[in-house]
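Visitor: Now for the letters of each chain:
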Amino acid sequence: MTPDNSVDKALLRANGLSASVYNRNRGREFHFFRNVSFHIAPDEVVGLVGESGSGKTRLGLSLLGLLREGPGLYAGSLSYRLSDAEPLDFSFQHNGGKKRGEPLRKGLAPVLGKRIGLVMQGAKSALNPYQTIGTQLKDTLALAGCPGTQIPVVMEQLLSAFSLASRSASIAHRYPFALSGGQAHRVMIALGFAMGPDLLVADEPTTGVDSPIQALILQHFKAFRKGTLGPPRHASRPRPSMLFITHQIDLMKGLTDRVMVMYAGELLEVFHTSQLGQRPHHPYTERLMEIANEAGGRAAVHSIPQIPGRMPVMYDPPEACVFADRCSLANERCRKEKPELVVDPQGQGVACHERH
Amino acid sequence: MKDDHGQGFVIDRLTVDFTPSRLLDQLKRLRNKDHGVVRALHELCLAIAPGKAVGLLGESGCGKSTLARQIMGLLKERDPESRITFEGQDLDKVLDTDEQAFRNSVQMIFQHPDTFLNPKLMARDMVMEAFHIRGESKADIQAGRFHEELGKALDVLGLTWEDLEKTSDQLSGGEKKRMSILRVILAKPRYIIADEPFSGLDVSYRNRILKQFEILKEAGVGFLLISHDFHVTKKFCDEICVMYKGRIVHRYENPESGVPEVQHPYTQVLIVSNDYLARCHEALPEIMGKFKPEMGEKDWRTAGCPFEDRCFYSDNTELKDACRTKTPPEQRVMGSHVLRCHLFEAKEQQP
Amino acid sequence: MPVRDIPAQPQALQKAKRGRRLNQVSLAYGLLLLWVMALIIGWLSTGDATAANPLGVNQPLWMSTTGADRLMGYDQLGTPIGPMILHAFFFYPLPLVLGTLIFAIGGIVIGILRSGFFIKLHTVIEIVLDKLMQIVELFPAYIAIIMIAWYTTQARFELAEFWKNLNMAACALALLNIPFFAKVVARKVNQLASMDFIEAERAMGLKKSEILIKHIFIPYLVPSLILTAGSFLMELVFMDIGLSYISMQLGEFDGFPSTGSFGILLAKAYVPSQFDVGPWYFFQVALIVTLFLLSIRYLLHLARTIFVEGMTNDA
Chain B
1 MTPDNSVDKA
11 LLRANGLSAS
21 VYNRNRGREF
31 HFFRNVSFHI
41 APDEVVGLVG
51 ESGSGKTRLG
61 LSLLGLLREG
71 PGLYAGSLSY
81 RLSDAEPLDF
91 SFQHNGGKKR
101 GEPLRKGLAP
111 VLGKRIGLVM
121 QGAKSALNPY
131 QTIGTQLKDT
141 LALAGCPGTQ
151 IPVVMEQLLS
161 AFSLASRSAS
171 IAHRYPFALS
181 GGQAHRVMIA
191 LGFAMGPDLL
201 VADEPTTGVD
211 SPIQALILQH
221 FKAFRKGTLG
231 PPRHASRPRP
241 SMLFITHQID
251 LMKGLTDRVM
261 VMYAGELLEV
271 FHTSQLGQRP
281 HHPYTERLME
291 IANEAGGRAA
301 VHSIPQIPGR
311 MPVMYDPPEA
321 CVFADRCSLA
331 NERCRKEKPE
341 LVVDPQGQGV
351 ACHERH
Chain G
1001 MKDDHGQGFV
1011 IDRLTVDFTP
1021 SRLLDQLKRL
1031 RNKDHGVVRA
1041 LHELCLAIAP
1051 GKAVGLLGES
1061 GCGKSTLARQ
1071 IMGLLKERDP
1081 ESRITFEGQD
1091 LDKVLDTDEQ
1101 AFRNSVQMIF
1111 QHPDTFLNPK
1121 LMARDMVMEA
1131 FHIRGESKAD
1141 IQAGRFHEEL
1151 GKALDVLGLT
1161 WEDLEKTSDQ
1171 LSGGEKKRMS
1181 ILRVILAKPR
1191 YIIADEPFSG
1201 LDVSYRNRIL
1211 KQFEILKEAG
1221 VGFLLISHDF
1231 HVTKKFCDEI
1241 CVMYKGRIVH
1251 RYENPESGVP
1261 EVQHPYTQVL
1271 IVSNDYLARC
1281 HEALPEIMGK
1291 FKPEMGEKDW
1301 RTAGCPFEDR
1311 CFYSDNTELK
1321 DACRTKTPPE
1331 QRVMGSHVLR
1341 CHLFEAKEQQ
1351 P
Chain L
2001 MPVRDIPAQP
2011 QALQKAKRGR
2021 RLNQVSLAYG
2031 LLLLWVMALI
2041 IGWLSTGDAT
2051 AANPLGVNQP
2061 LWMSTTGADR
2071 LMGYDQLGTP
2081 IGPMILHAFF
2091 FYPLPLVLGT
2101 LIFAIGGIVI
2111 GILRSGFFIK
2121 LHTVIEIVLD
2131 KLMQIVELFP
2141 AYIAIIMIAW
2151 YTTQARFELA
2161 EFWKNLNMAA
2171 CALALLNIPF
2181 FAKVVARKVN
2191 QLASMDFIEA
2201 ERAMGLKKSE
2211 ILIKHIFIPY
2221 LVPSLILTAG
2231 SFLMELVFMD
2241 IGLSYISMQL
2251 GEFDGFPSTG
2261 SFGILLAKAY
2271 VPSQFDVGPW
2281 YFFQVALIVT
2291 LFLLSIRYLL
2301 HLARTIFVEG
2311 MTNDA
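Going down the list, the protein sequences come from chains B, G and L.
So in this note's numbering, spot 136 of the first sequence is number 136, and the numbers just go up one at a time.
All you need for this note's numbering is the position in the second sequence, starting with 1, plus 1000.
All you need for this note's numbering is the position in the third sequence, starting with 1, plus 2000.
Isolated chain B (complex conformation) (with noise of 0.2 Å):
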């Protein structure tokens, strides 16, 4: 790693983070994602980058000790150096068919909740279905060690702020099943708030709403980041560090400060986001502010950009660049050598061996 003052202060740390999981009936690993490393400063809003089946939501959940699957971590090393708590390390080795998440579950548990959080994917199933709202938010809160005194407070601000108490019926006493999907997903990102935690893992928050609402959440997330929302802190404590998770690049560049880009269970890119194109950037990242900034009306439709072809499948992937296939500036090198994504003193780097 590098000498650098901002890394060394990081809140998380992963080096060389592997996860993978045994196919019994294929007789092989499947590979979540490879020799993943970066790091995320305090008070740093790091976004995650990547399409469906890159290894996304599996790294964010790992982050949290929440990968069950098999073998889950392999290879690595986390480091978290959270506010009011002891420093964690972890390193995860080889070790044949033990239960590898099994130490990281059980050393992140007293911070899992107070100083980590999770919006989760998938509103209504992540929702315990036997409490009420009220309930649920109210348990996050004390578990989250916001004072009594604070907690309806608290949760009147919250639920106003995200439109859930505006009807004659607070949503507080009803069930998950009686909210609309667009509700359950408002609660859910209200619950992540509500932990106060110096780390969220925001795992597609914007997914699956309209355009106008997903406004709506990013604004929200940039008050809660502010510290306008969510439970009061103390003045100790540095503002939340975020890992937004999201397979729209076009959301990064308001709310994060860095970028990274994900593609088949590998890093390819991280960037600061005012950087954006502004420096060598790699053909994949390319590829895909190409076509978020593309110009609309019908015209455009017989030269709208695409990238061709498909994602490695990840129960071998190639040990050449994972994008070689789909590249356009791919050459003989890049189908034999994997470049290697060097991060320098900014916390930039692109692992590609045409742009440096």
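It cannot be assumed that every hint is accurate.
What the hints assert, rightly or not - Straight-line alpha carbon distances no greater than 25 Å define the calculated SDA-like cross-link-like pairs of lysine to any residue that follow:
1. Lys2188/L / Leu2121/L
2. Lys2214/L / Asp1090/G
3. Lys2188/L / His1337/G
What the hints assert, rightly or not - If you want the footprint, here are the derived chain G segments under chain B, 3+ residues with CB under 8 Å:
4. 1058 to 1066
5. 1288 to 1301
The hints are simulated quantities; they were obtained by calculation from the structure and are not laboratory data.
Note that the Cβ used here is the ideal one computed from N, Cα and C, for glycine as well.
On the provided structure of chain B, position chains G and L as indicated by the hints.
Guide: Same frame as chain B, now just chains G and L:
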């Protein structure tokens, strides 16, 4: 729709009510009230012509999927006043006399592939159904006469032959979606009703499918593209209808640039929010100041505009009363735009 | 869009043409168990009625004879045991299979009719079918009525004669059990008919009969059919073992019992007084019955894997 050309779908004043349960139905009969009856569609007019694409914009819960089911004849209960005609004939009559021919020519892409593919069947079996429906003989299918066609379609959609050998619960959400699109494309229909075909798909696949749709459209396939994504509809559709609470509030010919000259307040919200997501300014656009995440209780049966509670312009003193008490009439503005909003009424009166 | 080379006859499709995968392990287990069972039956039911008894009590004679005799010898009445076992293997299952078939087909047909997915029935027929399906719930009541009638009239009803025909017994039991299965089928079909993918298939243009067979019957009903029919078959086996042990089997012909059920074989190997001496000898009876039922189970499992695609989960 006055011009009754013999081709395509013509939907005239389609009104659909839903009763939440049988119990409520009985209560309603007893008390003679329409308490609890949800109006899904309200006097909706629409036409789908071959070789043209109609885009239907609206948020979830505004009746888009109900409309698609009505067009497909999967949902037959509707107001007696409403009429749906398919190629000059009443849809009910078409379904009674020659359902098979109708199904051969009209196909639908469903929104949620998770529940719309049989989880226990192999993808191969379900894809091969497309050839069967097209009227190809079993011998031809088994002899592999369509392998080349299938291979090309698979390649366009980013699927492999191995994916065909999986049952649909072994496929990922995106793969299922593409599998159901593959099925519809292979069935070679004359009309495609696409209900949110791009939700849950990655941008790279989205653009490839959009291009495939464009090719089909040029070959004369009529499209109804139901979506909540303004970005997609403006690229593909010839006509765009913006729907709110089961009624079309703004219909216009899609200009080449994709941005309509006249905008209904709701259309404006949709366009501006898309722009906001792409540019990500610091503050929410002003027009979304009153916009709440949920639709209000009010619908088109009561007087007044249902969008009033979320509308930026409804606080305007001149309009306040009109918005609350008068249902906005349909008006034609700047040639191709048909709107339902008091804002434009006021504008027309002023000069 | 660059179109990559398309294989002329893709491997994946060739592979699929080989048909559904068999579960070889289940097949092996089932056949092995059947073979072991045959061996034990042969062993048990062989012996010499007059042989000397080392314990001085009436013990089963297979204990004192040599292995060769045990495997293919004669029973206590001097009947050769080998042909009897062969006979049992080929003809014994017939009445049971007949009963199971009546049970399965009846249940499926009535269930699908009642579900109303395929044909809309006249209301009167629906009511009749509903009443028929209630037979199961009323079963204890029927038995009580028959018992009361039987005792009060003192009719010399030869129940034993009736049950002597295993075919009759199996069919009667099947008919009584049909409503139970029909109910399960009707509920399943109704549940599936309201699911979205059936709607999608209808929109796609498949006929109702095609949907019923391809999307409901084969993937959803056949597995439950196999399970339910399998457990019904086991029920019939138990019934037959019990009935034939107390010699209520089909009449004998050519010196053989017309059904070579286990009950007969066991009855020939044991004498009632045996139970007083050493009840543990009946361990072998239990072993045989268990083995038989286990082998049926494994063969059913095999059948299920043939019909149910996607049971092998490789994601």
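Visitor: Could you run down the list of hints and mark each one as holding or not?
Guide: So, going through the hints one by one against the coordinates:
Taking the CA atoms of Lys2188/L and Leu2121/L, the gap is near 18 Å; set against the 25 Å cutoff, the hint holds. The suggested pairing of Lys2214/L with Asp1090/G is violated, with an alpha-carbon distance near 31 Å, which exceeds 25 Å. A hinted pair counts as satisfied when its Cα atoms are at most 25 Å apart, and Lys2188/L with His1337/G does not qualify at roughly 50 Å. Taking a C-beta to C-beta cut-off of 8 Å, the segment 1058 to 1066 of chain G contributes 3 residues in contact with chain B, enough for the three needed, and the coverage statement holds.
Restraint check on the segment 1288 to 1301 of chain G versus chain B: 5 residues with Cβ-Cβ distances below 8 Å, three needed, restraint holds.
Comparing the model with each numbered hint stated earlier shows that hints 2, 3 do not hold.
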